[in-house]
Amino acid sequence: MRNDTLNVIGVYTKTIMKAWFQYKVDAVLRSLAVFLREATGIIVIYFTLLKFDSLNGWNMYEMFFLFSLLFLTYGIMILFFTGLRDFGRTVRDGSFDRFILRPRGLLFQIIFVNADWFAAIGHGGLGLVLFLISAGKVGVSWNLGLALYYIVTILGGVLIQGAIFLFLATLNIYLMETNSLKELFYWNMRKFAGYPISVFHKSVQALLIYVVPFAFVNYFPCQFLLRKEDMGQYPEIFMYMTPFIGVGMFAVAYLFWKYSIRFYKSSGN
Amino acid sequence: MSLIEVNNISKSYRINKRPKGIPGMLANLFVPKYEMRQAVKEVSFQIEKGDMVGFIGPNGAGKSTTIKMLSGILYPDKGEIKVNGYVPYKQRKEYVGSIGVVFGQKSQLQWDLPVIDSFELLKAIYRIPEEKYRKNLDRFVQMLDMGNFLQQPVRQLSLGQRMRADIVAALLHSPEIVFFDEPTIGVDVVGKETIRNFIKELNAEDEVTMLFTTHDMQDIEKVCEKLIVIDKGEKIYDGSLLGIREKYGTTRQLDVEFAGIEHIAPIANVEMVELDELDGRKKRFVFENKQVQINDLMNFLLQNYRVRDISISEPEIEGIIRKIYNGEVITT
Amino acid sequence: MNLAPYMAYFKKSFLNRSAYRFDHIMSIFSNCLRMFIFWEIYKALYGGRQEIDGVTMSMVTTNFVLSMGLDAVFYINDYFLPDKIGNGSITTELLRPMSFKGRMIAENMGNAVFNLLFRFAPAFVVACLLIGILPPASPLMLVLFVVSAVLGYGVLWTISFAVQMTAFWLLNVWSMTTIKNVFVNVLSGTMIPLWFMPDWMEGVLKFTPFSSIYFTPIQIYLGQLEPGEIAIKCAIQLLWIGVIYVVGDILWKCGQKKLVVQGG
Chain A
0 MRNDTLNVIG VYTKTIMKAW FQYKVDAVLR SLAVFLREAT GIIVIYFTLL
50 KFDSLNGWNM YEMFFLFSLL FLTYGIMILF FTGLRDFGRT VRDGSFDRFI
100 LRPRGLLFQI IFVNADWFAA IGHGGLGLVL FLISAGKVGV SWNLGLALYY
150 IVTILGGVLI QGAIFLFLAT LNIYLMETNS LKELFYWNMR KFAGYPISVF
200 HKSVQALLIY VVPFAFVNYF PCQFLLRKED MGQYPEIFMY MTPFIGVGMF
250 AVAYLFWKYS IRFYKSSGN
Chain B
0 MSLIEVNNIS KSYRINKRPK GIPGMLANLF VPKYEMRQAV KEVSFQIEKG
50 DMVGFIGPNG AGKSTTIKML SGILYPDKGE IKVNGYVPYK QRKEYVGSIG
100 VVFGQKSQLQ WDLPVIDSFE LLKAIYRIPE EKYRKNLDRF VQMLDMGNFL
150 QQPVRQLSLG QRMRADIVAA LLHSPEIVFF DEPTIGVDVV GKETIRNFIK
200 ELNAEDEVTM LFTTHDMQDI EKVCEKLIVI DKGEKIYDGS LLGIREKYGT
250 TRQLDVEFAG IEHIAPIANV EMVELDELDG RKKRFVFENK QVQINDLMNF
300 LLQNYRVRDI SISEPEIEGI IRKIYNGEVI TT
Chain C
0 MNLAPYMAYF KKSFLNRSAY RFDHIMSIFS NCLRMFIFWE IYKALYGGRQ
50 EIDGVTMSMV TTNFVLSMGL DAVFYINDYF LPDKIGNGSI TTELLRPMSF
100 KGRMIAENMG NAVFNLLFRF APAFVVACLL IGILPPASPL MLVLFVVSAV
150 LGYGVLWTIS FAVQMTAFWL LNVWSMTTIK NVFVNVLSGT MIPLWFMPDW
200 MEGVLKFTPF SSIYFTPIQI YLGQLEPGEI AIKCAIQLLW IGVIYVVGDI
250 LWKCGQKKLV VQGG
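Residue numbers (numbering that gives the first Met the number 0), protein chains in the order written: chain A, 0 to 268; chain B, 0 to 331; chain C, 0 to 263.
I should point out that these hints are in silico values taken from the structure, not numbers from a laboratory. Among these hints, one or two may not hold up.
What the hints assert, rightly or not - Simulated coverage check for chain A against chain B, where a stretch passes if three residues somewhere in it have a Cβ under 8 Å from a Cβ of chain B:
{"hint": "1", "stretch": "10-19"}
{"hint": "2", "stretch": "100-110"}
What the hints assert, rightly or not - Here are some of the chain A residues that sit facing chain B, going by a computed Cβ distance under 8 Å:
{"hint": "3", "residue": "Asp3"}
{"hint": "4", "residue": "Thr4"}
{"hint": "5", "residue": "Val7"}
{"hint": "6", "residue": "Asp96"}
{"hint": "7", "residue": "Arg97"}
{"hint": "8", "residue": "Gly138"}
{"hint": "9", "residue": "Lys264"}
Every residue, glycine too, gets a C-beta built ideally from N, C-alpha and C.
Make a model of the complete structure from these sequences and hints.
Next comes the structure, spelled out in structure tokens:
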């Protein structure tokens with residue numbers, strides 16, 4: 000049984016890679032475009048901090064370090080959850096009907112049928128570049144413990160964002176169009192999460208901590224490693240919660256999906 | 000107990016009614032109006048193992064909705080469906096391994112990859128054993144003459160080739176029941192014939208039960224034995240293909256070739272049509288076989304005019320179906 | 000020239016936009032939130048200082064509200080031509096008895112007017128109430144702002160037009176379009192006010208069309224430019240429109256030829 004599951008995942012992945020290599024030049028260009036698009040925010044930070052030196056006590060390298068976690072986690076996350084990102088389209092063009100007709104789990108198919116390697120390389124690559132630029136210059140003396148903390152944090156961050164994607168995808172069952180909702184609750188929030196959240200109004204901070212908890216993807220873990228002054232405003236325990244929030248949110252999102260899928264209505268024609 | 004049992008199923012959709020023009024747009028922006036549309040109304044039928052059933056009706060009659068409920072994509076609002084002992088929408092994973100579905104309008108093949116890659120993927124998804132996969136693939140490829148484009152990317156195929164590949168994709172796991180939704184749409188005449196022959200052969204040899212919707216009456220006449228007609232969500236006919244002719248095909252026509260130009264006086268309950276053949280020597284008489292005895296009419300013509308040739312014909316199924324859609328035939 | 004068919008397309012694109020009601024309300028909310036966030040970041044950057052390099056916080060705020068507002072109005076469908084080439088409908092489109100470019104403009108204008116009324120206006124009111132913006136330097140400057148903003152739209156439109164033309168040669172223009180947008184976003188001042196660009200970047204900017212899109216109208220609005228400078232900057236806007244349009248049009252003509260040679 001386990002072997003069979005691995006086998007079908009392998010065939011799905013082989014299919015994705017094969018389709019990808021059909022257009023080699025385009026694939027390289029696409030990854031580059033994603034890289035540049037995501038670098039826009041970084042370039043803006045670079046220019047801004049050339050002028051202003053620091054933002055709430057965070058200098059340029061510390062900002063890059065903060066950003067790098069955001070991109071690294073997304074790069075990994077999108078390899079698994081592209082299908083959730085594109086779920087709205089999958090429903091509208093009738094592909095989801097086909098998933099229902101196949102003797103495999105629905106979520107299983109959504110997850111493994113598609114993987115956006117362009118995004119993975121673009122985002123992940125940028126995250127890696129930023130990490131390499133900043134990791135040695137932010138005053139962290141890396142050891143095995145900290146490396147382990149960093150890896151667990153990345154996994155937690157992947158799960159948190161995966162859970163948000165799963166939750167938004169589930170909403171597609173009730174609403175035909177959810178792109179704006181995703182724009183608002185995912186993409187906008189992610190833009191804000193690139194900055195130390197302490198610069199924002201209390202309500203925005205609350206949003207980033209309790210509603211769309213991006214703060215646990217990068218801000219609090221960075222605080223554990225960097226110990227900036229503005230951490231004084233938040234409970235110490237926030238620095239250790241990322242993996243638990245990740246697992247918890249994903250579990251809740253999964254239950255919501257399980258509950259909602261029975262209401263799915265095919266878009267007809 | 001039949002293989003497919005459908006009992007009183009109903010299904011409605013909520014649709015947004017968009018008023019026209021700029022004021023309507025503004026109104027809809029703030030207060031959207033919805034209305035319920037009943038796609039399927041209390042439909043029941045049974046299908047036996049090995050049956051070949053045509054499922055027809057005008058656009059929007061509820062065919063696709065019914066197929067989707069039968070295949071487990073949609074839940075019926077009311078009523079029950081049981082196929083092969085399963086309730087499709089409740090026992091999805093167990094059930095779908097025993098059915099195949101072809102949507103003529105929506106391919107399940109990988110667009111950028113060679114056809115064979117899609118088949119390999121399906122082999123993994125349906126857990127088809129190597130031996131069975133080989134056997135089925137070789138057989139279908141030969142029957143549908145697909146050997147020359149198996150290695151071509153799907154995007155380069157003609158519509159007919161793509162459709163054949165899609166049909167094979169739905170059959171690789173040897174389903175007991177196959178639903179076809181418009182399997183010949185957009186396919187050229189030769190391609191249609193290939194597909195029809197294949198379907199017939201498969202039904203005869205493997206006893207695969209088949210249900211299909213189509214707009215092409217030729218498909219129905221050449222392939223189906225049974226017919227279910229649905230209109231405005233309601234079932235209006237369920238029976239054999241021949242039965243529909245007996246029940247509704249009550250008009251007859253008599254084509255008569257006269258020896259010379261004849262002036263025929265009007266005959267009660269018979270409509271006469273001048274045919275532009277043989278310099279007007281040929282005429283057609285159309286009548287209801289309940290109102291006019293065919294013998295009486297023939298005798299009358301033979302006795303009063305010089306007749307060279309005479310032939311009787313029954314109406315085409317297509318014509319009958321069109322009449323049913325148009326409400327010209329009362330169905331009960 | 001008969002304008003009626005163009006008006007029909009203008010109206011069609013206007014009405015189409017209204018189909019996704021929920022999406023629309025969310026996008027207004029999204030816009031407001033983004034403005035608010037930039038405001039907060041700059042408040043932190045200023046850290047209570049009155050001005051930096053002669054630029055006050057309220058000038059920064061005004062820059063963000065106006066440039067993001069204009070950005071919301073200046074929505075251009077970058078895939079208008081690429082989609083038609085992709086699905087092959089371009090050949091029939093070209094046979095219609097109307098200018099394809101004219102139709103492109105008409106549909107984009109329909110979108111722009113819809114955005115002006117239902118996206119910019121509400122977000123602008125919210126921004127004014129919440130953050131507050133500087134009033135225009137004078138009524139005349141407000142008028143000139145509008146004129147210059149229309150020219151700014153022209154610059155952005157011709158850039159999109161020229162980039163879309165590459166669809167005749169490229170299989171997929173998504174990458175090109177995305178890279179174009181990176182340049183527009185960074186260099187036009189919607190994400191960082193151009194006052195704060197390092198000196199060497201200002202030299203680079205002089206030779207690109209991007210500052211003509213939003214920054215010129217905003218400088219006029221704030222009264223930062225002398226009458227002579229206004230004339231020069233608007234002339235530069237016109238010049239860019241002309242230059243980029245000519246480049247785009249050459250590509251358009253070559254592209255059509257290519258289409259004929261290949262038979263669509």
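Next item on the list: Establish whether the coverage given for the stretch 100-110 of chain A by chain B is satisfied; the threshold is a Cβ-Cβ distance below 8 Å, and no fewer than three residues must meet it.
Entry: With 5 residues closer than 8 Å to chain B, the stretch 100-110 of chain A meets the three-residue bar; holds.
Check: Does A/Asp96 meet its interface restraint, that is, does its C-beta lie within less than 8 Å of any C-beta in chain B?
Finding: holds (5 Å)
Checklist line | Interface hint outcome for A/Val7 [beta carbon to chain B under 8 Å] | finding: For A/Val7, the interface hint holds, since the closest Cβ of chain B sits about 5 Å away, which is under 8 Å.
Item checked: Verdict on chain B covering the stretch 10-19 of chain A, where coverage means 3 or more residues with a C-beta closer than 8 Å -> holds (count 5)
Margin query: Take the shortest C-beta to C-beta distance between A/Arg97 and chain B; is it under 8 Å?
Written below: holds (5 Å)
Notebook entry, point to check: When the nearest CB of chain B is found for A/Thr4, is that gap smaller than 8 Å?
Noted result: For A/Thr4, the interface hint is violated, since the closest Cβ of chain B sits about 10 Å away, which is over 8 Å.
Margin query: Let's test the interface hint: is any C-beta of chain B closer than 8 Å to that of A/Gly138?
Written below: Since the shortest Cβ distance to chain B is 48 Å, the answer is violated.
Check: Hint check: is the beta carbon of A/Asp3 less than 8 Å from a beta carbon of chain B?
Finding: holds (6 Å)
Next item on the list: Classify the hint on A/Lys264 as holds or violated, based on whether any CB of chain B lies nearer than 8 Å to its CB.
Entry: Since the shortest Cβ distance to chain B is 7 Å, the answer is holds.
Consistency with the previously given hints fails for numbers 4, 8, ordered from lowest to highest.
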